[in-house]
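Visitor: Protein chains in written order, with the working numbering: chain X, 184 to 453; chain E, 12 to 285; chain V, 564 to 867.
For the record, the hints were derived by calculation from the structure and aren't laboratory data.
Warning: the hint list may mix true and false statements.
Beyond 10 Å from chain X on every Cβ pair, some chain E residues (computed) [what the hints assert, rightly or not]:
1) 20
2) 178
3) 267
4) 275
Chain E regions said to be covered by chain V (calculated; three or more residues, Cβ under 8 Å) [what the hints assert, rightly or not]:
5) 33-46
6) 51-63
7) 67-76
8) 137-144
9) 194-208
10) 217-225
11) 256-262
Partner residues are not named here, just some residues of chain V that face chain X (Cβ under 8 Å, in silico) [said to hold, decoys possible]:
12) 625
13) 626
14) 705
15) 708
16) 796
17) 797
18) 819
Note that beta-carbon positions come from the ideal geometry of N, C-alpha and C, so glycine has one too.
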Amino acid sequence: MKLIFALLAMLPLACGGQASAGRVLTLTGSSTIAPLAAEMGLRFEAVNPGSRVDVQSGGSSRGIADVRAGHADIGMASRALAASEEDLTPVTIARDGVALIVHADNVVTELTSEQVRRIYLGEASDWSEFGGTSGPITVVNKAEGRATLTVFLEHFGLDSRAIQADVIAGENEQAIKTVAGTPGAIGYVSIGTAMVDREAGVTIKLLALDGVQATHQNVSSGAYPLSRPLNLVLTTSPSPLALEFIEFARAPEQNDLILRESFVPMAEKL
Amino acid sequence: MRRESGLKALLWAISMGVCALLVWIVADLVSRGTGPISLEFLMAAPRDAGRAGGIGSLLVSTFWIVAVATGVALPIGFFSAVLLAEDTHSRMSRAVRSCLDMLNAVPSIVFGLFGNALFCVALGMGYSILSGGLTLSCMILPILIRTMEQSLRAVPKEQRFAASALGLSDVTTLFRVLLPPASSGMAVGLILGVGRALSETAALIFTAGYVTRFPDNLLDSGRSLSVHIFDLAMNVPGADERAYASALVLVVILFVINSCVRLAARHFQARLAT
Amino acid sequence: MRTSLAIAPRTRQDRALGVVLRSSALLAASLIFLVLLFVVFEARGALATPGFGAFFTDPSWHPVDDGTGSEYGVLPMLAATLATTFGALLIATPLGIGAGVFNALVAPAPFALLHRSLVEILAGIPSVVYGLWGLVVLVPWIGGVSHSGQGLLAASIVLSLMLLPTITLSTEAALLAVPKEQLQAAAALGLGPIARARLVAVPAARRGIVAGLVLATGRAVGETMAVLMVAGNVVAWPRGLRDPLRTLTGNIALEMGYATESHRSALFVVGLVLMLCVALLVILAGLFGSGKNHSVSASGSAGR
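In isolation and in its complexed conformation, chain X is listed as follows (with noise of 0.2 Å):
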C-alpha cells in the first residue's frame, strides 16, 4: 500500500516539479472576496510573469488565522477589523452594501428604519402593516458572525438576540433562494449578488430604505447606509510580492472587475 502512495505522490511531480519554482503569493479568507482576488490573481499573473496568485476560500476568519500564523500572505476579511486584530493591517479594495430584499410579487417597495426595527423585534407580523397584501411576515436573518448582520444591527441599533427570525441563512445566496421561495418573507444580502439575481430572474425585489434606492451609485456615494468594506490583510511585515499585488489590486485599473462581481469600487482618491 505504501508503493502506491509512493507512486501516487511521485508521478505528477515527475512530470511539473519545477512549475512552482516562480514567486508564489498565497490569499486565503472570506468567500466573499475569494471569486474577486482570483480574478485579480489571473490578471496579475498574466502581467506579472513568473508569478503565481493561489486563491484560498473558507471564511474572513480563517484569512486572518492564516496571515497572523504566515500560513498566507495577504487575508481576505468581508468586515471591518475587530479590536483584538489591532496586529494586522487592512487594506479596503472594495465596498459591498447590504439591501432588505422581499419577494417579487410583493406590493410593498419601500420601509423606514423603524419599520425594519419592528419587523425584526417580532412587532410586526403581518404585511397589511406596511400597506401591503395580508399575510404573516417571514423574517430571514443571518448567521452570527457574518459581516452583514454586524452591519444590519449597527444601523437599526438592534441586539441580535431580540431578532425574532424564522429563518436563518448563511450564504447570501441561500437567504436570496429563500426569499425568493417565499412569498411573505423579508431578508437582507449584498446588493450586488440581489442585483444580479433580480437580472437573472430571480422572483426577489431590493426594497428602497428611509427612501434611499439600494444601488451602487448610493452606497459610494455614501447615501445609502448600509455597507461593508471587503479587505485584503497584511501583516506589519509584508512581502514585497503582497505589497505589489496590493498596490494591483487598488489600481482603477481593476474597477472593471471589481463591477464584473457586482461590488461597489472605491472612490477615486482612495
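For chain X, the structure is supplied; the task is to place chains E and V on it using the hints.
Guide: Quick look at chains E and V alone, frame taken from chain X:
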C-alpha cells in the same frame, strides 16, 4: 398467498417510488443543466469566477483527489476489513469497529479543519491535491471498511473449512478463496466511498483548496468539482445554470465509474472463482 | 481447526499478513483519536472558560459577546440533531430496506440493474445539490404562501434521500451474500419470493442490514450542507414539523468561517459534544446489537 402478493405489491410500490424520486432529481438536474454543456465546457478552465469558461481543470483536480483518496484508503481499508471479518468477536475488532462508527459521524467540516491542521500545516503539504486526497481517505475509510467487512463475512464458512483442510496458507486463502465471492460486495463499498469522495465539499475547501488552474503536480492546490458546484450555487450570483451543468457532469462521471467498478468486480469474480 | 485467517499463522508469509492486517486496522482506528485530539486542542479555550458545563446549562446560543455576556447552550441543537436524524431514519429505513429487498430478491434482473444504478448515482450527488433541490423545489412546496417551509420536515426528507443509497445498497449486498443453497432450499419448500425474503434471507442478512443502518445513522448525524440549507437554522427546541431548527453540524458550518477566538473555540466544543453523542449512540447500538435477537432494535435505539 394473499399476504404474499400484498407484500410484493408494497415492495414494487416502494421501489417505484424511490425510482420516481431519483428520476425527479436527475430530471431536475438535466432540465436546468444541459444548456452550458459543450466540448469547450468540458475542456477549459473556468473564467469570470465560473460564469464563463469550463470545468476542465476541475475535472483533472477531482480525478487526482479521488485517486489519492481511494489509492490510500483502499489498501488500508481492505486489510482492516479482512481483520474485522476474520477476527470478528475479539476485543480489538469490536474496539476498531466502534472507532470507525464514530469516525463516520464526524462532520465533514471538522474533517476539513482537521485535515488543514494535520496535512496542510503540520506535515507541510499546504493547500494541495495531496492534502485533500489524504483528508478524504480518512473520511471514506469507515464506509469502505464496513461494507467490505460485511461482504467478506458473508463468504460461507464451508469454503474456509475447505481451504483450511487443504492446508492453504492464509495469503492464498485470502486472495483465492475469500476475495472472489466477496468482490461484488466490496465493489459496493468502493462505489459508496468514491461517491462520498466525489460529493464532498466542506472538507476540501480547507485542504485541496479553491484554485481553478490546471494542476501541475499533487502539491498544487486544485478545486474539486463539488467545491465548484457549491461556490457557483451559494457564492457566485448568476451562475446557477452552470452549477447545475457541473452537477450533471458529476453524475455522468459517477455513473461511468460505478459501471466500471461493477464490471471489474464481475470480471474478477469470474476469473478467480474457478 | 483454524477457521479464521491471521489467528494462528503457520508460515512467515502468513505472519506478515497478520501484521499488515493488524497495523492497518490500528491505523484506521487511531484516526478518530487524532481527530478527537485535534478537536479538544482547538476547544481548549472554551473548555477553560466558560467550561464544558456551561454548554449544557446555558439556555441559548449567543457566543458573540455584545456587551451582555455570552451564552453557550447546545441542548436545543442537540435535540434538533436527534430529531432530524430520527426523522430521516424513519423515512429512509423502510424505503431503503424495501428497495434493497426488492432489488436483491424480487425485481426482474434488468429492472434491478437500472434501479441499482440510480441508487448508486444518488450516493455521489453532492449534498449541496440535494440542498438546492430542497431549497428550490421541496421547501416552497411544504411552506405554501405564508411559511418558509424550512424546518424539521424538510430537513428530514432531504437527509433521508442522502441515507437511502447507503441503506439500500448495504441491504442489497447483505442479501446477495446469503448462500444460494439456503434460498434454493426455501424455494423447494414451496415458499414464494416474499416469504423467502422474510423468513430466510432477511434474517440471515440481518447483521449486514444493521451495519448499513449504523453507517446511515452516523452519516445523518454528521451531514451538514444539505441540512443547513433547508432546516431554517433558528436555535430552538424542535416542536412542530414546520418549525425551524438548527443542528449541531449546521451550527458549526454556519458560524465557523466567521468565528474568532472564543467563538471559534466554542464551535469546537460543539464538535466535541457531537462526537460524544455519537460515541454514546455507538455504545448503545453495540449493547443492543450484541444480544443475538436484538440486532434490529439496535438500529432503533441508534436513531432515537
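Visitor: Each hint should be assessed against the structure and marked as holding or not.
Guide: Hints, one by one, checked against the model:
| no. | hint | verdict |
| --- | --- | --- |
| 1 | 20 | 36 Å, holds |
| 2 | 178 | 28 Å, holds |
| 3 | 267 | 21 Å, holds |
| 4 | 275 | 17 Å, holds |
| 5 | 33-46 | holds (count 6) |
| 6 | 51-63 | violated (count 0) |
| 7 | 67-76 | violated (count 0) |
| 8 | 137-144 | violated (count 0) |
| 9 | 194-208 | holds (count 8) |
| 10 | 217-225 | violated (count 0) |
| 11 | 256-262 | holds (count 3) |
| 12 | 625 | 6 Å, holds |
| 13 | 626 | 7 Å, holds |
| 14 | 705 | 10 Å, violated |
| 15 | 708 | 5 Å, holds |
| 16 | 796 | 4 Å, holds |
| 17 | 797 | 5 Å, holds |
| 18 | 819 | 7 Å, holds |
Of the numbered hints listed earlier, those contradicted by the structure are 6, 7, 8, 10, 14.
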